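Chains as they are written, first to last, in this note's numbering: chain A, 1 to 179; chain B, 1 to 102.
Bear in mind the hints are in silico, worked out from the structure with no lab data behind them.
Here the structure is a predicted model, which means the values were calculated and not measured.
Glycine included, C-beta positions come from ideal geometry on N, C-alpha and C.
Hints should not be assumed to be uniformly reliable.
[What the hints assert, rightly or not] The following label-pair restraints were derived from C-beta to C-beta distances: (1) A:Glu128 <-> B:Ala59: 12 to 22 Å; (2) A:Val113 <-> B:Leu57: 35 to 45 Å; (3) A:Ile163 <-> B:Leu99: 30 to 40 Å; (4) B:Arg87 <-> A:Ile160: 14 to 24 Å; (5) B:Met1 <-> A:Glu128: 21 to 31 Å; (6) A:Gln136 <-> B:Asp95: 44 to 54 Å; (7) A:Ser169 <-> B:Met100: 10 to 20 Å; (8) B:Met100 <-> A:Val113: 35 to 45 Å.
One letter stands for each residue in the lines below.
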Amino acid sequence: MTTMQLVFLLIGAITLLSAIMVVSSPRLVHAALWLILVLAGVAALFVLLEAGFLAVVQVAVYIGAIAILIIFAVMLTRRVMTDSGPQVNSNWWAAAVAALLLFGALLALFSQVSGLAATTSALTASPETIVDDLGQALVDVNRYVLPFEVASVLLLAAMIGAIVIARPSARSTDEGGEQ
Amino acid sequence: MIPLSWYLILAAALFCIGLYGVLARRSAVAILMGIELMLNAVNLNLVAFWRYLTPSLIAGQAFAVIVFAVAASETAVGLALIISIYRRRATAVADEINLMKW
Numbered sequence: 001m002t003t004m005q006l007v008f009l010l011i012g013a014i015t016l017l018s019a020i021m022v023v024s025s026p027r028l029v030h031a032a033l034w035l036i037l038v039l040a041g042v043a044a045l046f047v048l049l050e051a052g053f054l055a056v057v058q059v060a061v062y063i064g065a066i067a068i069l070i071i072f073a074v075m076l077t078r079r080v081m082t083d084s085g086p087q088v089n090s091n092w093w094a095a096a097v098a099a100l101l102l103f104g105a106l107l108a109l110f111s112q113v114s115g116l117a118a119t120t121s122a123l124t125a126s127p128e129t130i131v132d133d134l135g136q137a138l139v140d141v142n143r144y145v146l147p148f149e150v151a152s153v154l155l156l157a158a159m160i161g162a163i164v165i166a167r168p169s170a171r172s173t174d175e176g177g178e179q
Numbered sequence: 001m002i003p004l005s006w007y008l009i010l011a012a013a014l015f016c017i018g019l020y021g022v023l024a025r026r027s028a029v030a031i032l033m034g035i036e037l038m039l040n041a042v043n044l045n046l047v048a049f050w051r052y053l054t055p056s057l058i059a060g061q062a063f064a065v066i067v068f069a070v071a072a073s074e075t076a077v078g079l080a081l082i083i084s085i086y087r088r089r090a091t092a093v094a095d096e097i098n099l100m101k102w
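Just chain A, with the same shape it has in the complex:
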């Protein structure tokens, strides 16, 4: 049991416990705050995996943007959501069985696959080289420029779509006046 393993187990336990709190917390605002802890735990795991750039992106995009967006949505829709009745639907036990079955199946699968006990060798490239290579790969015609461009178009479409969808319609603006 090395120090790295202890650190991994600690971060993993925090991440999983927070994830359970996300799906079980009766108050949505609390669930959103637990979600931030999960995202931070995953960012710490990225650091353990020596993917520093992704850890920074995780903090900036997930914690900085997505979590805040979710908290805003919770606050904008919370009049009916303040603890009115149970937070799970009537089929929650079936959902739990399905999730446990999937987890058991994945564990059984892992036990069949060889090579999962592999440990890391030291990275040959320096962190700067890896980030450099990642940036080059995303704009290199022979590598990942197509997924990169598709993702950028998707982001643009999602941005325009979100504005169009969330904008109050002309009729409700007429009725409600200036909101």
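The hints should help you fit chain B onto chain A, whose structure is shown.
Okay, now just chain B, sitting in the frame of chain A:
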């Protein structure tokens, strides 16, 4: 050092918790949170496989970046839909949004 299987088991557990959240929660916002958990589990797997199996290729990290972009757009559109529905029907509970249910 940490074996690869530890990361895979952790990601599998995270994915299954997210799946439970998607299937069991009533609030549409909570369902989106479950989807975020599942996307994070996938990203963890991608980066773990990159680090352990192909550290010389950058493919794992590149696709993790793409997953970030998809997650951001999915959240933006999903929350816009939820707010739009809430504005019209004054509810964000997935069970009560049954206008298109046959």
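How the hints compare with the structure:
For Glu128 (chain A) paired with Ala59 (chain B), a C-beta distance near 19 Å keeps the hint of 12 to 22 Å intact. Between Val113 (chain A) and Leu57 (chain B) the beta carbon distance is about 20 Å. The supplied range of 35 to 45 Å is therefore violated. Between Ile163 (chain A) and Leu99 (chain B) the C-beta distance comes to about 23 Å, which lies outside the given range of 30 to 40 Å. About 19 Å separates the C-beta atoms of Arg87 (chain B) and Ile160 (chain A), a value consistent with the hinted range of 14 to 24 Å.
The beta-carbon spacing between Met1 (chain B) and Glu128 (chain A), approximately 23 Å, falls within the hinted interval of 21 to 31 Å. The given range of 44 to 54 Å is respected by Gln136 (chain A) and Asp95 (chain B), whose C-beta atoms sit roughly 48 Å from each other. Roughly 18 Å separates the CB atoms of Ser169 (chain A) and Met100 (chain B), a value that falls within the hinted 10 to 20 Å. The given range of 35 to 45 Å is respected by Met100 (chain B) and Val113 (chain A), whose C-beta atoms sit roughly 41 Å from each other.
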